[in-house]
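Chemist: These protein sequences, in sequence, are chains B and G. Under our numbering, the first residue of the first sequence carries the number 1, and numbering increases by one thereafter. Under our numbering, the first residue of the second sequence carries the number 1, and numbering increases by one thereafter.
Simulated from the structure, these hints should not be mistaken for laboratory data. Heads up, a few of these hints could be off.
Since the list gives no way to pick out one identical chain from another, each pair is judged satisfied if it fits inside one copy or across any two copies.
[As the list claims (entries may be wrong)] Straight-line C-alpha distance at most 20 Å; calculated SDA-like pairs for lysine to any residue: (1) 207 x 105; (2) 207 x 174; (3) 207 x 235; (4) 207 x 89; (5) 207 x 132; (6) 45 x 164; (7) 207 x 119; (8) 207 x 95; (9) 45 x 239; (10) 45 x 163; (11) 45 x 204; (12) 207 x 260; (13) 45 x 222; (14) 45 x 30.
Number of protein chains: 2
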Amino acid sequence: MREHNDESVEFEVSVIGLGAMGTIMAQALLRQGRRVAIWNRSPGKAAALVAAGAHLCESAEAALAASPATIFVLLDNQATREVLGMPGVMQALANRTIVDYTTNAQDEGLALQSLVNRAGGHYVKGMIVAYPRNVGRRESHSIHTGDPEAFERHRALLEGLAGHTTFLPWDEALAFATVLHAHAFAAMVAFFEAVGAGVHFGLPPSKTARLMLDTSRFFVADALEEAVRRLEAQDFAGDQARLDVHAQAFAHIAGALHAQGAWTPVFDALCQAVQRAAAMGYGDQDIVAVTRLFARECDTASAAGQ
Amino acid sequence: MREHNDESVEFEVSVIGLGAMGTIMAQALLRQGRRVAIWNRSPGKAAALVAAGAHLCESAEAALAASPATIFVLLDNQATREVLGMPGVMQALANRTIVDYTTNAQDEGLALQSLVNRAGGHYVKGMIVAYPRNVGRRESHSIHTGDPEAFERHRALLEGLAGHTTFLPWDEALAFATVLHAHAFAAMVAFFEAVGAGVHFGLPPSKTARLMLDTSRFFVADALEEAVRRLEAQDFAGDQARLDVHAQAFAHIAGALHAQGAWTPVFDALCQAVQRAAAMGYGDQDIVAVTRLFARECDTASAAGQ
Chain B
1 MREHNDESVE FEVSVIGLGA MGTIMAQALL RQGRRVAIWN RSPGKAAALV AAGAHLCESA
61 EAALAASPAT IFVLLDNQAT REVLGMPGVM QALANRTIVD YTTNAQDEGL ALQSLVNRAG
121 GHYVKGMIVA YPRNVGRRES HSIHTGDPEA FERHRALLEG LAGHTTFLPW DEALAFATVL
181 HAHAFAAMVA FFEAVGAGVH FGLPPSKTAR LMLDTSRFFV ADALEEAVRR LEAQDFAGDQ
241 ARLDVHAQAF AHIAGALHAQ GAWTPVFDAL CQAVQRAAAM GYGDQDIVAV TRLFARECDT
301 ASAAGQ
Chain G
1 MREHNDESVE FEVSVIGLGA MGTIMAQALL RQGRRVAIWN RSPGKAAALV AAGAHLCESA
61 EAALAASPAT IFVLLDNQAT REVLGMPGVM QALANRTIVD YTTNAQDEGL ALQSLVNRAG
121 GHYVKGMIVA YPRNVGRRES HSIHTGDPEA FERHRALLEG LAGHTTFLPW DEALAFATVL
181 HAHAFAAMVA FFEAVGAGVH FGLPPSKTAR LMLDTSRFFV ADALEEAVRR LEAQDFAGDQ
241 ARLDVHAQAF AHIAGALHAQ GAWTPVFDAL CQAVQRAAAM GYGDQDIVAV TRLFARECDT
301 ASAAGQ
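Construct all of the structure, not just a fragment, from the sequences and the given hints.
Modeler: Right, here's the structure in full:
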């Protein structure tokens with residue numbers, strides 16, 4: 001708790017990097033009444049934030065000194081390294097926490113953590129599961145890793161950026177973020193594919209999109225809830241939604257799509273996966289059993305007849 | 001309204017076909033206090049429903065005569081044809097409505113409609129967007145087509161099977177059901193794929209599934225709402241979520257998945273589609289612009305470099 005008694009700390013949080021995401025994070029924190037210091041390599045980007053009440057620091061060193069926690073939102077790891085190499089920055093890191101939302105790889109993050117620790121500081125790595133428009137919303141989620149104590153110390157602040165946050169160890173955090181985004185983006189692009197396919201049937205995209213979202217919302221949400229329950233309970237019984245019945249329905253749907261000239265690579269890929277799962281003997285289990293196929297070693301899956 | 005004055009009508013609804021879905025529909029209607037008549041080719045399946053208050057008819061003819069509306073839930077179109085060919089059935093169709101939830105093709109449905117009309121009856125085709133467990137729930141959705149007046153006459157009854165129902169003309173109804181299910185099943189299988197991929201990173205499926213669903217729910221729901229808004233407004237401006245930025249992130253995610261030996265055909269397919277969209281000049285638009293690629297003619301998309 002040493003850092004909170006530091007006399008040089010005048011602000012609650014600093015933000016370094018004022019691109020789209022950094023700016024919107026600083027705005028969210030200002031709206032929440034936080035005392036926010038900011039710094040950016042090109043100071044022009046700071047004007048709107050200063051007008052909104054942010055304090056523009058003269059250097060990265062000053063921004064780090066100004067607050068117990070400094071949020072980094074830079075272009076890439078190289079940019080982070082450049083900021084850390086600026087005059088006085090390493091000295092300013094003592095008893096400070098960097099919360100780094102810059103996209104980087106695990107080895108880069110771990111190297112930064114070592115560097116910051118050697119300077120007497122703390123390193124938290126953050127990943128926001130939100131488009132800029134939803135930064136600062138209570139419904140949004142984030143994932144954090146790195147220094148668990150530093151994270152807990154600044155949890156309330158970070159929950160101002162995304163209301164729900166999950167802290168995981170390094171390996172888990174990055175792996176989870178990867179599969180989470182794979183799922184979320186697949187759900188999105190599959191929706192676009194289906195809306196686009198509708199055009200081949202003469203369905204206008206705007207009308208189809210609205211109706212499809214409203215009509216499928218509960219069905220999909222319930223199916224995923226049920227899947228989670230079954231995965232937790234290891235319950236793959238085919239009493240509601242057998243995999244082979246789905247495989248048959250999928251083939252029927254694919255046939256109807258292709259007959260209209262629709263190009264549906266995403267749906268085609270899942271058809272093949274589910275058919276393969278049926279061929280491998282999962283047919284009489286619940287559709288969630290296809291998870292087991294995806295969990296198998298790549299070689300096994302390939303050998304089974306890609 | 002002639003049918004409601006028919007003295008032979010003793011029940012509110014009949015159900016013909018007592019497989020899993022027919023049984024659960026009859027149960028839902030009984031729970032809602034409806035007077036329900038039932039008939040099945042093999043009468044053994046009726047015992048539980050009779051115990052729950054259903055009236056077991058002696059023939060398909062009697063079931064049709066017993067109620068203004070009869071729900072058909074049979075194995076396939078052939079089974080429907082067989083029931084309609086049973087003694088007395090065509091005569092019993094006068095002033096009766098068949099609501100057919102049996103899976104069939106559009107030409108089969110239209111042929112049944114003609115047949116029923118010639119017998120003085122009405123034909124409504126129904127499709128329930130729900131697994132058996134959610135039949136009878138207010139949150140569930142259904143799609144109906146066929147005779148619009150007969151549908152409206154029995155709308156309240158049918159909303160007992162799925163609280164929300166949409167009536168569309170034949171072409172639109174079947175096309176919409178096709179793309180709707182393509183989207184919904186893709187969202188499900190993509191979730192299974194991501195959970196399965198997590199295993200390759202050492203993430204246990206049960207824990208990953210729960211955390212992934214909770215962490216992604218708002219992100220996906222908001223992304224799809226935003227996509228609908230943009231499709232309605234024809235707003236593809238790349239101010240929040242540019243397509244080329246996604247393409248880059250997708251490639252990064254795919255690389256991480258493959259490096260762990262995960263087999264992710266669904267995610268790989270959407271990666272390729274989004275990269276193609278970027279190559280075709282949609283890169284500076286919102287990610288929703290990939291819908292335009294899917295809406296293009298198949299030949300055009302293929303020519304662009306599959």
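Chemist: Take the hints in turn and mark each one as holding or not.
Modeler: Hint-by-hint comparison with the structure:
1. 207 x 105: neither (41 Å within a copy, 23 Å between copies)
2. 207 x 174: Answer is between: at 15 Å across copies they meet the 20 Å cutoff, but 38 Å inside does not.
3. 207 x 235: Cα proximity of residue 207 and residue 235: across copies only (15 Å, versus 38 Å in one copy).
4. 207 x 89: neither (54 Å within a copy, 40 Å between copies)
5. 207 x 132: neither (26 Å within a copy, 28 Å between copies)
6. 45 x 164: neither (29 Å within a copy, 49 Å between copies)
7. 207 x 119: neither (57 Å within a copy, 36 Å between copies)
8. 207 x 95: Classified as neither; 55 Å inside a copy, 35 Å across copies.
9. 45 x 239: between (58 Å within a copy, 17 Å between copies)
10. 45 x 163: neither (26 Å within a copy, 51 Å between copies)
11. 45 x 204: Close neither inside one copy (41 Å) nor across copies (44 Å); limit 20 Å.
12. 207 x 260: Close inside one copy (19 Å), not across copies (41 Å); limit 20 Å.
13. 45 x 222: Cα proximity of residue 45 and residue 222: none, with 44 Å in one copy and 28 Å across.
14. 45 x 30: within (16 Å within a copy, 65 Å between copies)
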